[in-house]
Amino acid sequence: MSESTQVTAATTPEPAPAKKGKVPLSEGKRAERRLGLWLIAPAAIVMIAVTGYPILYSIWLSLERYDLHFPDQQKFIGLANYGAVLSNGYWWTAYGVTMFITIVSVIIELVLGMVLALIMHRTLVGRGLVRTVTLIPYGIVTVVAAFSWYFAWNTDSGYLVGSESAPLTSTWPSIFIIILAEVWKTTPFMALLLMAGLALVPEDLLKAASMDGANAWQRFTKVMVPVMKPAILVALLFRTLDAFRIFDNIYVLTTGQNDTSSVSMQTYNNLLKGLNLGIGSTMAVLIFISVAIIAFIFIKVFGTSAPGSDDGGKR
Amino acid sequence: MAEIVLDKITKRYPDGALAVSEVDLQIADGEFIILVGPSGCGKSTTLNMIAGLEDISEGELRIDGQRVNEKAPKDRDIAMVFQSYALYPHMSVRENMAFPLRLAKVDDATVQAKVNEAAEILDLVAHLDRKPGNLSGGQRQRVAMGRAIVRSPKAFLMDEPLSNLDAKLRVQMRTSVSKLQKQLGTTTVYVTHDQTEAMTLGDRVVVLRGGLVQQVGSPQFLYEQPANLFVAGFIGSPAMNFLPGTLENGALNTPLGTVTLSDRIRRLAEAANAPRELIAGIRPEHFEDAKLVEGKPGGSFTATVDVLESMGSDKYAYFTVEGETATTAELDELAADAGSTDVPASGSSIVTRLAASSGAVAGQPLDLWYDSDKIQLFDPASGKNLTYTE
Amino acid sequence: MSVDIDQVTDNTKPAPPARTTGRVPSGAGKKVKWALIDILVVAYALIPVLWILSLSFKTADGLNDKSFFPKEWTWKNYQDIFKTNEFVSALVNSIGIALISTIIAVVLGTMAAYAVARLDFPGKKALVGVSLLIAMFPQVSLVSPLFNIERNIGLFDTWPGLILPYITFALPLAIYTLSAFFREIPWELEKAAKMDGATPAQAFRKVIAPLAAPGVFTTAILVFIFCWNDFLFAISLTSTTSSRTVPAALSFFTGASQFEAPNGTISAAAVIITIPIILFVLFFQRRIVAGLTSGAVKG
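Protein chains in written order, with my numbering: chain A, 1 to 315; chain B, 1001 to 1390; chain C, 2001 to 2299.
Bound conformation, chain A alone (with noise of 0.2 Å):
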């Protein structure tokens, strides 16, 4: 029974050097493999197929001379859109609104979607009914509730305007409009994520704070807000995107008149209106390069993690 071997309690051997024939993977390794990479595929032909290919002609139109109007003068003229493009008074209008509603309204909704976060977090009646109340905006066809703000605002039908007034045929009234259209939809998304932080900020944390001697808004400045940071990078940048993409709320109530303008507006009007596929495809690849600018500010200077990014760990 007590057949034993006895091993020096060597020091660890000099790591061998590693074998650089490869080691035959097992079956199992290799299943895994194999069922991964079918299961993946399906998802990445659509995706690549649908994005890949479109961006790469996007690119290639926007160096041509492309008016469907007349499709005879279709030519390579190199970064002559892009010329074009960028010595026009209505893009640069169009751009400086995008960028004056994606900070206004961003600013906005995130002060107030942290009031709602906080006020869905902790109310201590109808927790329920305020959580499913707020998902309405959310969830509700942007056009409906675009219609819903320009019938209110309308001069004819409006419960907010008098018969006297019109904001919606001046820039600046049409443009704090569409930012409140904007804040009314999708400060709930805000406030979803920002909450989602909240619920991550430890009970015990905030209590031993108040023992500490900070008071509510010290609490919320000092522990909250810094515990959440990641929650509230992330909320940003993905409203920071989606705010500069804005078309629908500008679509339905303003069309674009009187220099309201955004510059997804301007491509699509340049694109359907005009039929100009090349300066419409320029203008689509300004604004993608916007977007990733904004994204790279966001992931390198704040640090946010973009969602998902991790190495889709195991564990």
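No lab work stands behind these hints: they were computed from the structure. Among the hints, a few may not be true.
[Unchecked claim] Below, a sample of chain C positions facing chain A; criterion: calculated Cβ distance under 10 Å:
#, residue
1, W2034
2, F2057
3, N2064
4, V2088
5, L2091
6, L2108
7, G2109
8, Q2139
9, V2143
10, L2146
11, F2147
12, V2281
Predicted model only: the values in this text are computed from it and were never measured. Note that beta-carbon positions come from the ideal geometry of N, C-alpha and C, so glycine has one too.
Given chain A, put chains B and C in place with the hints provided.
Leaving out everything else, chains B and C in the frame of chain A:
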């Protein structure tokens, strides 16, 4: 039922880290073998390699003489019990236990018969139609066992199956696992970090450290003849006391004073070419209240009792002995595993197990005796036990 | 051991009601305060919806009375829209396109998300990266090339012409949400299934899939809402009633006569397409909240 042979099994991760290094082990048919060691010693990796859940980097794994390195887990005919039990929450207890049989396309009548039989053995008949979520920890553990035994596999692998149970239940389940294994006679490989489980359950115990096998043997043998400092410190509770010592003319000089070694020990030390500076190890039960010992050879010293724990059957007395402490990599690792690295030690802490009739009082000095024939001597450089005998 | 996916984000327990007699006044005061705040939130969320509902019940004469509630109620607007082919076919298109896109996106997304969350294979990072790019992609940038490509290959103004981009933009959403749900499922279960003799495919079908069903369902709702909501593709890639969906059709509505504003019919149509959203929100509030937040927080 099967014989399992690990032939120089090595696990190297893609980043070059060596998790398990050249483990050689022959597990006989029907044997209950324990892999034990602190966390990160490679015991779970070894188990997963036997299971087929992890690839073997080098070496060969044979079950009943057949190489199975490349076989998928399902083709190895081995059952496993997980630490978290891994019960399928959407299936009833019955469905959980029947699952492996269904996958093996066993006919319905046989499935029912086998599940009922297993439920009978494990006392789960009343719970067959409940979902795992509604069971207690002990019941879940038994369902996990049930799922393993229904298909009469060649071997059971158990990965810390009792560590999620509370202390009392763990002791009960330990007994039933042992009984069940004897009853079924199925080869079993059991992983634990708990040396008590290792001592009480296994036919043989494999102590691992840093991916290397330290010693293989029966629990009693490991306790009495640890191959090195690590095994000596790991096996046994409370742990063996270690003191720095010097050996001169057959006398051992430690912070406890000088003691003449017994002839047996002296001969062993000479045979092993013991260096002058070494580490002496004494188990707690080899100390005694000097008043209760008469005429037995041994050393004696006087120290103040720091803490006294009366267990009823005996008393644990804790002392601090001034002077140097014994330190080696092994001892540091053991201390880290026990979570006591950051206790500042101004001397060696000694644990002794005294007879219940001892008159020790906390805070009072006490005369102590220790058995000079039970001292073990270790080489501080290699950690090797100099008093080891086959 | 039970996988309570509903609980993922909802781990805040309701505060115990203040029962001690001494604290009733302050407790009640707090409740009143919270009730008032709740009412504000409810008003915020509902007023625009109630306004369009109210418009849909107004008579042609009452439409411009600037009153929040109709002075005279009528079903005429609803009767009118269901008489027009314009709306009925748009509704059929909306339902059909959104359902087909949802089913395909969720099936493909489930497969991919399982692979991303559970398996080790080359190309995983690339997939995650590509779907992240698409999630951030400005859709209008895709409209130009798709418009031209679809015209050339005959997909313009057809169901598949909309279904394809919808699937593409829904897939990242589906993959993120689902892989977050999949990560909640204890990994050891799959090992256990393998030890019990299952192939990887069986482990997926018999163990993971049933546990993932709630997450899949939630994802389906989110994807459906996304497809149902789309306006940009709908208005750019369609030109007739054969595939125009309701959001796009709304902006082409004309009144019963040339001189009549279409406000009443637009409102009625708007209310109709809001109904499914309201139903989802009422019945699956917790799931939707969990689904929307899981991906973001875990990321």
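Item to check | Interface hint status, L2146(C) versus chain A (Cβ within 10 Å) | outcome: Hint on L2146(C): holds, closest Cβ of chain A at ~5 Å, below 10 Å.
Checklist entry - Hint check: is the beta carbon of V2088(C) less than 10 Å from a beta carbon of chain A? => result Because about 18 Å separates V2088(C) from the closest Cβ in chain A, which is outside the 10 Å limit, the hint is violated.
Checklist entry - Holds or violated: is the Cβ of G2109(C) closer than 10 Å to a Cβ in chain A? => result holds, 6 Å
Item to check | Interface restraint verdict for Q2139(C) against chain A (beta-carbon cut-off 10 Å) | outcome: holds, 6 Å
Item to check | Interface hint status, L2108(C) versus chain A (Cβ within 10 Å) | outcome: holds, 4 Å
Next on the checklist: Hint validation: F2057(C) versus chain A, beta carbon distance must be below 10 Å. Holds or violated?
Outcome noted: Check failed: Cβ of F2057(C) comes no nearer than 13 Å to chain A, outside 10 Å.
Checklist entry - Per the CB criterion, is F2147(C) less than 10 Å away from chain A? => result Result: holds, 6 Å to nearest chain A Cβ.
Checklist entry - Any CB of chain A closer than 10 Å to the CB of W2034(C)? => result holds, 5 Å
Item to check | Hint validity - L2091(C) Cβ closer than 10 Å to any chain A Cβ | outcome: violated, 12 Å
Item to check | Closest C-beta approach of V2281(C) to chain A relative to 10 Å, hint status | outcome: Hint holds; V2281(C) Cβ to chain A Cβ min 4 Å, cut 10 Å.
Next on the checklist: Given N2064(C) as an interface hint, is its Cβ closer than 10 Å to any Cβ of chain A?
Outcome noted: holds, 5 Å
Checklist entry - Per the CB criterion, is V2143(C) less than 10 Å away from chain A? => result holds, 7 Å
Comparing the model with each earlier hint shows violations of hints 2, 4, 5; every other hint is respected.
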